[in-house]
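Novice: As a plain string of letters, each chain reads:
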Amino acid sequence: MERDTNFILGIYEDEDVLKDAVTKVRESGVKIHEVFTPYPVHGLEDVLGYNRSKLPIAAFLFGLLGTCLALTMQLLMMSVDWPMIIGGKDFAPLPDFIPVTFELTVLLASFGMVGVFMISSDLKPWAQPRIFDLRSTDDKHVMAIDIANNANIEEAKIKELLQSSGASEVNNKSFE
Amino acid sequence: MQVTSSVREPLVTGGKTYKDVTHDVARQVEGKPTVGWMLGLAVAIGTLLLGSIAVGATVWEGIGMWGLNKTVGWAWDITNFVWWVGIGHAGTLISAVLLLFRQKWRTSINRAAEAMTIFAVICAAMFPVLHMGRPWLGAYWALPLPNVFGSLWVNFNSPLLWDVFAISTYFSVSLVFWYIGLIPDFATIRDRATGLRKTIYGALSFGWTGAAKTWMHYEAVSLILAGLATPLVLSVHTIVSFDFATSVIPGWHTTIFPPYFVAGAIFSGFAMVLTLMIITRKLFKLEDYITMVHIELMNIVIIITGSIVGIAYITEFFIAWYSGVEAEQYAFINRAFGPYWWAYWSMMTCNVISPQLFWFKKIRTSIVFTFLLSLVVNIGMWFERFVIIVTSLHRDFLPSSWAMFYPTWADVGVYLFTFGLFFTLFLLFAKFFPVINMAEVKSVLKSSSEKVNK
Chain C
1 MERDTNFILG IYEDEDVLKD AVTKVRESGV KIHEVFTPYP VHGLEDVLGY
51 NRSKLPIAAF LFGLLGTCLA LTMQLLMMSV DWPMIIGGKD FAPLPDFIPV
101 TFELTVLLAS FGMVGVFMIS SDLKPWAQPR IFDLRSTDDK HVMAIDIANN
151 ANIEEAKIKE LLQSSGASEV NNKSFE
Chain S
1 MQVTSSVREP LVTGGKTYKD VTHDVARQVE GKPTVGWMLG LAVAIGTLLL
51 GSIAVGATVW EGIGMWGLNK TVGWAWDITN FVWWVGIGHA GTLISAVLLL
101 FRQKWRTSIN RAAEAMTIFA VICAAMFPVL HMGRPWLGAY WALPLPNVFG
151 SLWVNFNSPL LWDVFAISTY FSVSLVFWYI GLIPDFATIR DRATGLRKTI
201 YGALSFGWTG AAKTWMHYEA VSLILAGLAT PLVLSVHTIV SFDFATSVIP
251 GWHTTIFPPY FVAGAIFSGF AMVLTLMIIT RKLFKLEDYI TMVHIELMNI
301 VIIITGSIVG IAYITEFFIA WYSGVEAEQY AFINRAFGPY WWAYWSMMTC
351 NVISPQLFWF KKIRTSIVFT FLLSLVVNIG MWFERFVIIV TSLHRDFLPS
401 SWAMFYPTWA DVGVYLFTFG LFFTLFLLFA KFFPVINMAE VKSVLKSSSE
451 KVNK
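In order, the protein sequence lines correspond to chains C and S. If you use this note's numbering, the first sequence corresponds to residues 1 to 176, in order. If you use this note's numbering, the second sequence corresponds to residues 1 to 454, in order.
For the record, the hints were derived by calculation from the structure and aren't laboratory data. Ideal placement from N, C-alpha and C gives every residue a C-beta, glycine not left out. Watch out, some of these pointers could steer you wrong.
Computed, partial: chain S to chain C, Cβ under 8 Å [what the hints assert, rightly or not]:
| hint | residue |
| --- | --- |
| 1 | LYS19 |
| 2 | LEU39 |
| 3 | LEU41 |
| 4 | GLY207 |
| 5 | ALA212 |
| 6 | LYS213 |
Within a straight-line C-alpha distance of at most 30 Å, the following computed DSSO-like cross-link-like pairs (lysine-lysine) qualify [unchecked claim]:
| hint | chain 1 | residue 1 | chain 2 | residue 2 |
| --- | --- | --- | --- | --- |
| 7 | C | LYS157 | S | LYS213 |
| 8 | C | LYS54 | S | LYS213 |
| 9 | C | LYS173 | S | LYS361 |
| 10 | C | LYS31 | C | LYS159 |
| 11 | C | LYS173 | S | LYS198 |
| 12 | S | LYS431 | C | LYS124 |
| 13 | S | LYS213 | C | LYS24 |
| 14 | S | LYS213 | C | LYS31 |
| 15 | S | LYS19 | C | LYS159 |
| 16 | C | LYS89 | S | LYS70 |
| 17 | C | LYS19 | S | LYS446 |
| 18 | S | LYS213 | C | LYS19 |
| 19 | C | LYS159 | S | LYS446 |
| 20 | C | LYS54 | C | LYS24 |
| 21 | S | LYS198 | C | LYS124 |
| 22 | S | LYS446 | C | LYS24 |
| 23 | S | LYS282 | S | LYS213 |
| 24 | S | LYS446 | C | LYS31 |
| 25 | S | LYS213 | C | LYS159 |
| 26 | S | LYS361 | C | LYS54 |
| 27 | S | LYS19 | C | LYS124 |
| 28 | C | LYS24 | S | LYS19 |
| 29 | S | LYS213 | C | LYS124 |
| 30 | C | LYS159 | C | LYS19 |
| 31 | S | LYS104 | C | LYS19 |
One chain only, chain S, in its complex shape (with noise of 0.2 Å):
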């Protein structure tokens, strides 16, 4: 039977079978590492290591090491924090808001954009922890514990305590969405396996069989957890701006943050999404199931998130002037024309201006623009969170304790950690998971494909 559908492009092509989809996906786990793989992990590990040292160093001296001082307090660590938090809301938002939505688009994308969550969520937790200076002592005093001084308590009324609930609850409900998901996957590998392999894949796929009743349920929560972590993207983040925004400091004590700050974890989140998956796909052969349909519709989102952030900036300047508060006013234009001048203008290059180019069809549907812009708007949007961060804080109340922020060898260190870890366990996961749902893309390939059923 063929099922084409004149409306819509399809979603898989090449005419796949439902024993393509398996094939094609278990191949990567089930076949030798290829060379590509090797040579990409050795340089992911190779970077884990030598940021090591830096993490090493900085739990051993403390985060002196870094080149934090008394006026910029927070620099390089927060920045990188809500940077790679921002990372990972894509993945949450492309499983569970589209799920919601009902956008079919999102199955071949959604295990891959998950998997980035969880380990950019990972990441993004190493610096608040390292910035606490001892963290197997940070850890204790961030948990409402009884503790050795009386009955002291955590104080709920500061977001840094909201981040760490929100954070956690962040990071354990994307595992168990994406793990639930990966059950039955695994069970299909388990099927085709023998020996340990077998073993290994049976005990992961927790001994699922694909019954009506279980896929009944398995439905069920699935919907119930997309209900779920929806607010949960949201109110993340909205938590991670209230760091900033529920302070006093000019540039930071504004009542758009919140949107403001969801909109830009999108935005990131999609373009850490294309620049992964558009290397994927060539890398494991996987352009069939990752199409230009699913790059272009990406791109849209990136266009929309784009267009929201470079309104809110201009809105803050807005507001800044309109509200007649000098400082505001100040700290505003200081950021485009202060000392860190080049910062906010590196920032509205690549997350106001080189979006909009993705107007263009042409240039949204070439995987060469798009793999460009798509880190070009990873940097901006860690531009922009260092601009949010140390240009608020830089020039203060005080201009006698004035001071300017210069990284140190073990802040780049730390960052680089934090890289080699991201693509370590990513690529971990690229060769020993399926990176394809393979159960979901099956179900909307009768509506979605070109062909099936040959």
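If we strip away everything but chain C, and leave its shape as in the complex, we get (with noise of 0.2 Å):
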């Protein structure tokens, strides 16, 4: 038989049901797709078996270029291509460097890692995101399961699974 839908969505209403069902569902052997919530639920990412976020190391990365940016550029403008003795000051007054050095630092660190969260996560202000459920940017925790992902368990029974972890519905739906 054609299946004519490819996802199925349990509706949660709780994220601490949300939380165990995660893991129930897991445990039993079924993927989860992706889980949709209105808000950060915290503790989600490690029961959906997550790698921790690597946006500090880029934003470490991009915070030491900064650094390097900054340094380069002063000592290069004020201690080799025009030299002046300013207040009595040295050629590579290091201290008087350290304003600029900070906050180029934090200006590369902030806009390098957000730039890459945006790319990771494919935020564009053009993107068409496949929505599964209205009600996840309001007031339910949807989780969306691949049945191609799934096809060695028979659909009723994920469907049984979801409602007996504490689903409030259980949908199907479908992308063209």
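Take each chain as given, in its own frame, and dock them per the hints.
Specialist: Shown next, in the form of structure tokens:
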């Protein structure tokens, strides 16, 4: 029989019920496509088995780039290209370079990290996202299960599993 | 399920559910503009237009339009600049520092406070740019770009240049922090909307779906941005204070300036947040989200920072006497008893004495008193900047050049322009953007509300 749906959605009302449900569904061998929540549910990423975000590393590396860029720029301009004695200060007054170095470190770390976040999370103004359930940005938590990824398990069994794990509704969803 | 805390007062009252939060906040964005909002916007735009005459005159004629003279070379312009920057600081403080300290009470007020930061920094930036005299060239000279005079570069020893970097970084990072926070809420509005509104909020929401993986990265980004913005806040006002502290002018050349300016910034910023929040909660009927708990906690911040500022004033006086430097001693006696005594004592009354009234619980939990005192603090902090700048300059090292400063209509007009600009931007924000961070309020609802999931 040809399937006319490709996702099964479990709708949950409460974040704690959701977290228990995720654990239960994963333990039963069903692969979860993604969970959609209207607000950040702490601990959800752990039960889903996601690795920790690597964005702090991106922030650190971009910050380091900012520090190097700022120091190099100031040294080249003030000490190499046009060295001048200003206010009796040294040609390379490092303490005076601290404010600009700090600001550029913060600027590059912030923008670099946010840029990586936007790209890795596919966030862009022209994006046409697949919305599984409109209520997932309002008051409901939505667990989406891709039927194709769970071909070895019967659809009815998955639905039963979601129902028994505390879902208030279980629906089918297909995308063109 | 009902969750109540016997230890703490609820942060969201009225037995709100998740759906209620969406409804209450999105109602503003989706509904027709109210008469009060339209009247407010008309007044704000009117002020903006009136003030733009002064801005136009300043750009056309030059800063000779202002009341500056040979002795008092900085007056209302830099006073207003430091004042607006200071006001901006509470936004980042509420969103970044309180996030780091896991203070849940920030969630209802952070969005509006961050918006306030951005608009206040725009207003602040107007003044140094206009003070350059030829802003179309000034912006070019302030950047480290190669120029036609040879390889002569900007002076990285100068606190004024540090300011350029500090303010522009502060503005950009605050803007990004604010926008990242808005994305999930734009998605909520998109999913409720139809037609053109759906297209606009769809673009603004960057295709947000609320996927658990995206939330995980989002939380990491928020926390790191908060970690970066916290020292940034301190650095910005520290650097603003360096504009004065690194000079040799008596009354300015003091090491207490950085912490004193930062405390003053938080003080005035929180006062402005209170002023705006009290109006917003009333106009948009958000009393269940911006509760008396929020107002009281902000008033406590005002007592603390007001007291720090008070101690700084006294310390300055003590050090002027203790240092034995006659010029320094004279500068301070002149501040308190010279021709600008009225400004000094207005500052003392508004900033040191008035906030102490918040020690009384009845006063700090009264909307009327809080609103009035928040205005008093804002006025006092303007006087503080005026006193520091003008009283230190008007009697310089040569008694023959001593002078007074009298503002002209252009001084007043440019200041009015920034008020018009600030309130126009804030009112537009309050109408078209979700004024309360829905996603964050929902995340604390279970632990901090009277009732959830009825």
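Novice: For each hint, tell me whether it holds in the structure or not.
Specialist: Each hint, compared with the structure:
no., hint, in the structure
1, LYS19, "4 Å, holds"
2, LEU39, "32 Å, violated"
3, LEU41, "27 Å, violated"
4, GLY207, "3 Å, holds"
5, ALA212, "4 Å, holds"
6, LYS213, "6 Å, holds"
7, C/LYS157 with S/LYS213, "26 Å, holds"
8, C/LYS54 with S/LYS213, "12 Å, holds"
9, C/LYS173 with S/LYS361, "55 Å, violated"
10, C/LYS31 with C/LYS159, "13 Å, holds"
11, C/LYS173 with S/LYS198, "21 Å, holds"
12, S/LYS431 with C/LYS124, "24 Å, holds"
13, S/LYS213 with C/LYS24, "19 Å, holds"
14, S/LYS213 with C/LYS31, "15 Å, holds"
15, S/LYS19 with C/LYS159, "26 Å, holds"
16, C/LYS89 with S/LYS70, "28 Å, holds"
17, C/LYS19 with S/LYS446, "15 Å, holds"
18, S/LYS213 with C/LYS19, "14 Å, holds"
19, C/LYS159 with S/LYS446, "28 Å, holds"
20, C/LYS54 with C/LYS24, "27 Å, holds"
21, S/LYS198 with C/LYS124, "15 Å, holds"
22, S/LYS446 with C/LYS24, "23 Å, holds"
23, S/LYS282 with S/LYS213, "37 Å, violated"
24, S/LYS446 with C/LYS31, "29 Å, holds"
25, S/LYS213 with C/LYS159, "23 Å, holds"
26, S/LYS361 with C/LYS54, "46 Å, violated"
27, S/LYS19 with C/LYS124, "27 Å, holds"
28, C/LYS24 with S/LYS19, "27 Å, holds"
29, S/LYS213 with C/LYS124, "16 Å, holds"
30, C/LYS159 with C/LYS19, "17 Å, holds"
31, S/LYS104 with C/LYS19, "22 Å, holds"
In terms of the numbered hints stated before, the structure departs from hints 2, 3, 9, 23, 26, listed from lowest to highest.
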